[in-house]
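Visitor: Sequence:
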Amino acid sequence: MGAVLAGTLVLLALGAFWDGRGTGEGTAVLPGERGEKTKKEPPAPYEAVPPPEDATLLAERDVEVDARLERKALGRDGERSVPVGRTLLAGASDASDGPLKDHRLVAYYGTPLSDQMGVLGEHPPERMMELLRRQAAAYSAADPERPAVPTIELIASIAQREPGADGLYVAQTDPGIIREYARLAREHGALLMLDVQLGRASVMEEVRALREFLEMPHVHLAIDTEYAVGPGEVPGVNLGSVDGSEINRAIRYLDRIVEEKGIPDKVLLVHQFQSGIVTGKDAIRPTDDVQVVLHADGFGRAEDKFMKYRVLVREQPVQYGGFKVFYNLDEPVLEPEQVLMLDPAPAVVTYQ
Numbered sequence: 001m002g003a004v005l006a007g008t009l010v011l012l013a014l015g016a017f018w019d020g021r022g023t024g025e026g027t028a029v030l031p032g033e034r035g036e037k038t039k040k041e042p043p044a045p046y047e048a049v050p051p052p053e054d055a056t057l058l059a060e061r062d063v064e065v066d067a068r069l070e071r072k073a074l075g076r077d078g079e080r081s082v083p084v085g086r087t088l089l090a091g092a093s094d095a096s097d098g099p100l101k102d103h104r105l106v107a108y109y110g111t112p113l114s115d116q117m118g119v120l121g122e123h124p125p126e127r128m129m130e131l132l133r134r135q136a137a138a139y140s141a142a143d144p145e146r147p148a149v150p151t152i153e154l155i156a157s158i159a160q161r162e163p164g165a166d167g168l169y170v171a172q173t174d175p176g177i178i179r180e181y182a183r184l185a186r187e188h189g190a191l192l193m194l195d196v197q198l199g200r201a202s203v204m205e206e207v208r209a210l211r212e213f214l215e216m217p218h219v220h221l222a223i224d225t226e227y228a229v230g231p232g233e234v235p236g237v238n239l240g241s242v243d244g245s246e247i248n249r250a251i252r253y254l255d256r257i258v259e260e261k262g263i264p265d266k267v268l269l270v271h272q273f274q275s276g277i278v279t280g281k282d283a284i285r286p287t288d289d290v291q292v293v294l295h296a297d298g299f300g301r302a303e304d305k306f307m308k309y310r311v312l313v314r315e316q317p318v319q320y321g322g323f324k325v326f327y328n329l330d331e332p333v334l335e336p337e338q339v340l341m342l343d344p345a346p347a348v349v350t351y352q
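Each residue of the sequence shown is one higher than the last, beginning at 1 in full-length UniProt numbering.
For the record, the hints were derived by calculation from the structure and aren't laboratory data. Here the structure is a predicted model, which means the values were calculated and not measured. Beta carbons are placed, not taken as given, at the ideal position from N, Cα and C, and that holds for glycine. Hints should not be assumed to be uniformly reliable.
What the hints assert, rightly or not - DEER-style ranges, computed between Cβ atoms: (1) 57 <-> 114: 32 to 42 Å; (2) 180 <-> 262: 19 to 29 Å; (3) 332 <-> 102: 26 to 36 Å; (4) 283 <-> 126: 35 to 45 Å; (5) 167 <-> 62: 48 to 58 Å; (6) 76 <-> 202: 32 to 42 Å.
Model the full assembly from the supplied sequences, consistent with the hints where possible.
Guide: In structure tokens, the structure reads:
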């Protein structure tokens, strides 16, 4: 495993800089295979931000969306695959009781160890939570039928340009920092999502190292696939990739934790910013206890981002979609109502 993160790190650039602008065991359980759950579902460990009482339903809003954006989002035929606001992809099902059934996650991404890797590290923790809740409230107002849950996406392992003592090109965030943010999220009724950047480590090596935290009811998992490199490659120099079979091992691992510990269902979020970073997507199987989000990253022009979401999420469907917004790099920074016009609407919106 990578050395515990301490002192000065070689921090990689933002997750989308590649585009020129900057083993678990067991058998996967498909949605519905267990039938109706026999366990009593534990109470939700989060509090969504309630919408204003006079909020207008998203489907009834007259949202101004540039015609170019609509073409990029919907493709040549110009037809939506699902109704406005729906987050579940066309043809997908969800037999879980996870937070995405009735809510949207609005997340701040980053690490407190750097103000260059996301908005999470730009502010003291309490101020960050204040801003995050405000951003989540904007989504609750935009789509009152799906109130937003504030979510902290904390980088739990950071890919490095140097091999480190173990040669894996990754360093773990100090567990004390993770505990601090787990407490912060719990106290604010928020969720914590732990993001792993893999280097030369395997998915399961990094995921198993986080078991202490994944057993907490309000903690979920994200995989930054572009940093997963092979022998002779370096994160940030070579573009990495992860196969769907590796992601599915993580899904089964989370599924077993939920069943063994009797805790609420989990979300697994998979970051990607171009085709080929996640291979073998047909091997990715959500379960009755784990919801899966394919997240479209990347910064820049709105029309490029809309097209990327269509290609990576709508045209390569698994279950739910996610969308990333860069406060300082997007042109322009989209309003929540505009983001929710994507097809399907993102179940997770991450700010960096």
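Visitor: Can you let me know if the beta-carbon spacing of residue 167 and residue 62 is within 48 to 58 Å?
Guide: With Cβ atoms ~57 Å apart, the hint holds.
Visitor: CB of residue 76 to CB of residue 202, is that within 32 to 42 Å?
Guide: holds (40 Å)
Visitor: The hint says 26 to 36 Å between residue 332 and residue 102; measuring C-beta to C-beta, is that right?
Guide: Holds, at about 30 Å.
Visitor: Is the gap between the beta carbons of residue 283 and residue 126 within 35 to 45 Å?
Guide: Given range 35 to 45 Å: holds, Cβ gap about 41 Å.
Visitor: Is the hinted range of 19 to 29 Å satisfied by the C-beta distance from residue 180 to residue 262?
Guide: holds (26 Å)
Visitor: Can you let me know if the beta-carbon spacing of residue 57 and residue 114 is within 32 to 42 Å?
Guide: Once the Cβ atoms are compared, 40 Å apart, the range 32 to 42 Å for residue 114 and residue 57 holds.
The structure meets every hint from the earlier list without exception.
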